[in-house]
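Peer 1: These protein sequence lines map, in sequence, to chains A and B. Numbering (numbering that gives the first Met the number 0) for the first sequence: 0 to 301. Numbering (numbering that gives the first Met the number 0) for the second sequence: 0 to 432.
Treat the hints with care, since some could be wrong.
Stated by the list, open to error - Examples of chain B residues lying across from chain A (beta carbon under 7 Å, computed):
1) ALA93
2) PRO94
3) GLU100
4) LEU109
5) LYS199
6) SER316
7) THR317
8) ARG319
9) LEU338
10) MET339
11) ASN340
12) ASP343
13) ALA344
14) ARG369
15) ARG371
16) LYS373
These aren't lab readings, by the way, just hints derived from the structure by calculation. Cβ atoms here follow ideal geometry from the backbone N, Cα and C, with glycine treated the same way.
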Amino acid sequence: MQASVKAEQIDLDEPPPTGNERAVKRPESSSDHFLVIEPGRRQLQEDLNELLHYRDLLYFLVRRDISIRYKQTLLGVAWAVLQPFMTMVVFSVFLGRFAGVPSDGIPYPVFAYLGLLPWTYFSGSVSRCSASLVGHSNLLGKVYFPRIIIPLSATLSALIDFAIAGVVLVGIMAWYGVAPAASSILFLPLTALTAFLAFGVGMWLAALNVQYRDIQHATPFLMQIWMFATPIVYPNSIVPANYRFVFQLNPMAGIIAAYRDSALGNPVDWPALGIALIVGLVVMSLGVWQFRRMDRYFADIV
Amino acid sequence: MTAPIINVRDLSKLYRLGGPSRPNRDLRDAFNDLLRVPLKRLRSLRAEPTTDDETFWALKDISFEVARGEVLGVIGKNGAGKSTLLKILSRITAPTEGRIELRGRVASLLEVGTGFHADLTGRENIYLNGTFLGMRKREIDNKFDEILAFAEIERFIDTPVKRYSSGMYVRLAFAVAAHLEPEILLIDEVLAVGDAEFQKKCLGKLDDIAQHGRTVLFVSHNLAAVQKLCNKGLLLRDGKIVSHGSVGETVKEYLHKPDQRSEGCRFSTDTRRGSGWALITDARILDETGRAVSSLPCDRDLTFELTVQTMDSSAQSTLRGLVLELIFFSDDGRPVLSLMNVDDAAAPFPSADACLVRMRLAAPTFVPGRYRLKLFLGIPFLQHVDEIEDALEFEILPPEEPWRPYELYQSRGIVCRKADWACEAQSRAVSHG
């Protein structure tokens with residue numbers, strides 16, 4: 000705190016050397032590159048510019064993650080499908096059949112898979128994201144790059160699994176004779192929202208995990224509890240009305256319901272989605288805040 | 000007068016030992032802190048920060064400038080703050096106090112092959128590594144063929160790098176780094192990896208970079224390389240600047256005013272084998288004044304002091320009949336010298352259960368460089384009593400009083416000797432065809 004105050008004072012006391020104002024304003028031009036290193040946090044604008052400069056790194060990291068994920072596995076890409084599919088089978092047998100959980104009038108497997116598909120993406124993305132920085136600890140100490148790229152690439156590369164598992168959804172719906180509605184196109188913005196939320200949560204956990212490794216033990220547990228607090232394997236309708244409001248504060252509740260409604264052509268619950276968006280923005284702001292509070296010191300504490 | 004390309008003002012870096020604030024922090028502590036921290040913050044705003052035993056200043060009030068085109072060698076002992084300075088300049092970590100202004104595109108090279116992934120092909124790794132170092136994809140596209148040619152791996156470009164030989168791997172990694180075109184290049188001791196051949200290639204490339212007017216900041220233990228490449232030197236000791244000037248002066252300063260607090264090198268027994276009924280319990284290197292050291296110029300005598308004792312409690316066991324061998328390895332793993340206490344019946348062990356062994360190696364000792372000492376106690380071919388790999392690691396520095404007018408001692412030969420020369424004048428034998 001004190002240090003950054005001191006640094007600002009230096010700024011005020013010393014007028015910038017002549018001829019440099021131009022350089023400060025045009026950092027992209029290579030001969031005029033001008034960079035100031037000081038303690039404390041940097042301007043958000045600087046961080047964003049730099050992220051832009053390193054966008055190719057993001058691209059290659061995502062490519063790397065995708066191309067190595069299923070190397071040296073027997074089943075390969077099938078793993079992307081197997082996870083939501085087998086979970087769907089298990090829940091269909093135990094909840095759908097034995098326990099007779101209602102499914103809003105559509106076959107339970109379709110109902111469950113429609114929830115599990117985005118959920119698997121969300122939880123996988125959060126887990127990968129939260130472990131990502133610690134997993135790259137050797138890099139953090141060896142080279143500078145915007146640290147945010149690491150969790151960001153984890154979130155983005157998980158999308159490929161989502162897409163593959165999405166193809167299977169079409170198969171399952173066809174098998175049960177459920178036609179996807181035209182409103183399925185909403186999957187795209189919904190997925191963007193899910194990724195946004197996953198990134199916010201994951202980034203926050205990733206930063207904390209650098210300092211407190213408790214996070215990596217807590218994350219699987221957290222995701223499990225979160226899953227049961229979300230209408231994935233049961234419909235929204237079985238939640239008692241007086242709990243409904245608290246229940247809807249879970250952004251994933253509104254998102255999962257919206258996925259299902261848009262696939263089946265039911266009216267989407269926009270207010271619930273609005274809540275999800277607001278909570279998502281809050282979580283993202285918290286995540287960015289936590290991350291930027293720590294990111295310049297990751298190399299020291301990891 | 001143009002502004003310096005690197006301007007460092009009052010730079011300090013505080014590290015907390017054993018973790019961010021206390022060792023073994025967990026979430027419970029964090030929750031406790033939720034209550035305590037606001038109070039603590041309030042207190043620290045009022046009072047001067049207390050000097051905490053668990054913190055230390057890796058750098059303290061460092062100020063210096065580097066002019067465009069300068070090649071600055073940063074030297075100093077381990078823990079002097081060299082790496083911290085480099086990490087702050089390359090933005091791997093942030094300073095605690097102070098300000099740095101950099102007027103140019105910066106690239107830092109703290110290891111070769113940053114971000115390489117074994118399962119990816121050479122091509123994929125070039126792009127990944129290049130973008131990690133701050134290059135854009137377009138730049139890499141343009142230099143791709145050049146990089147490939149430099150690395151000499153055209154045939155294997157689409158093979159996963161885990162199938163590469165270690166030489167190919169390092170060549171590829173360095174090739175990418177060598178094609179960075181920053182205005183400011185920060186380099187740690189990346190040259191310490193790889194074989195002698197490769198090191199030479201790296202040094203050559205660095206020289207090349209320096210010739211092209213690029214500004215280079217080079218952190219190294221290799222004084223010969225620093226002297227060869229750099230025109231300016233910066234000597235750090237305990238996080239402070241001791242000397243900043245021409246490279247010759249700085250290196251001289253480093254050699255002539257050794258760190259008074261030097262405690263010699265650490266006796267390492269990490270890789271110990273043998274029956275263990277007798278052990279080498281201590282080993283030190285002393286200079287002529289009897290001070291423990293970890294580095295010494297090659298024109299000063301080296302004394303090794305070793306303590307050997309039996310571990311058997313029975314009174315009968317003595318060291319008599321055992322042989323003590325010291326084997327010196329150069330940095331690239333080559334054994335360069337073996338000495339035994341029974342060489343020429345020099346000093347066999349007496350019938351005692353403990354012994355202090357002192358061995359003096361007269362100057363000139365070794366060619367400047369880093370050496371590792373392996374210790375062996377036993378009877379060769381018959382009995383392994385105690386064997387310690389890398390028991391000591393020490394550095395031989397260039398001579399204090401150079402007897403040769405050339406500065407390159409390291410790259411010529413592996414033996415350090417002075418010889419008796421005679422040049423007698425003779426009348427030239429002219430042959431008429």
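Peer 1: Does each hint hold? Answer for all of them.
Peer 2: Against the structure, the hints come out as follows:
no.: 1; hint: ALA93; verdict: holds, 4 Å
no.: 2; hint: PRO94; verdict: holds, 5 Å
no.: 3; hint: GLU100; verdict: holds, 6 Å
no.: 4; hint: LEU109; verdict: holds, 5 Å
no.: 5; hint: LYS199; verdict: violated, 24 Å
no.: 6; hint: SER316; verdict: violated, 48 Å
no.: 7; hint: THR317; verdict: violated, 50 Å
no.: 8; hint: ARG319; verdict: violated, 50 Å
no.: 9; hint: LEU338; verdict: violated, 39 Å
no.: 10; hint: MET339; verdict: violated, 42 Å
no.: 11; hint: ASN340; verdict: violated, 44 Å
no.: 12; hint: ASP343; verdict: violated, 50 Å
no.: 13; hint: ALA344; verdict: violated, 52 Å
no.: 14; hint: ARG369; verdict: violated, 22 Å
no.: 15; hint: ARG371; verdict: violated, 25 Å
no.: 16; hint: LYS373; verdict: violated, 30 Å
Figure legend: structure checked against the earlier numbered hints; hints not met, in rising order: 5, 6, 7, 8, 9, 10, 11, 12, 13, 14, 15 and 16.
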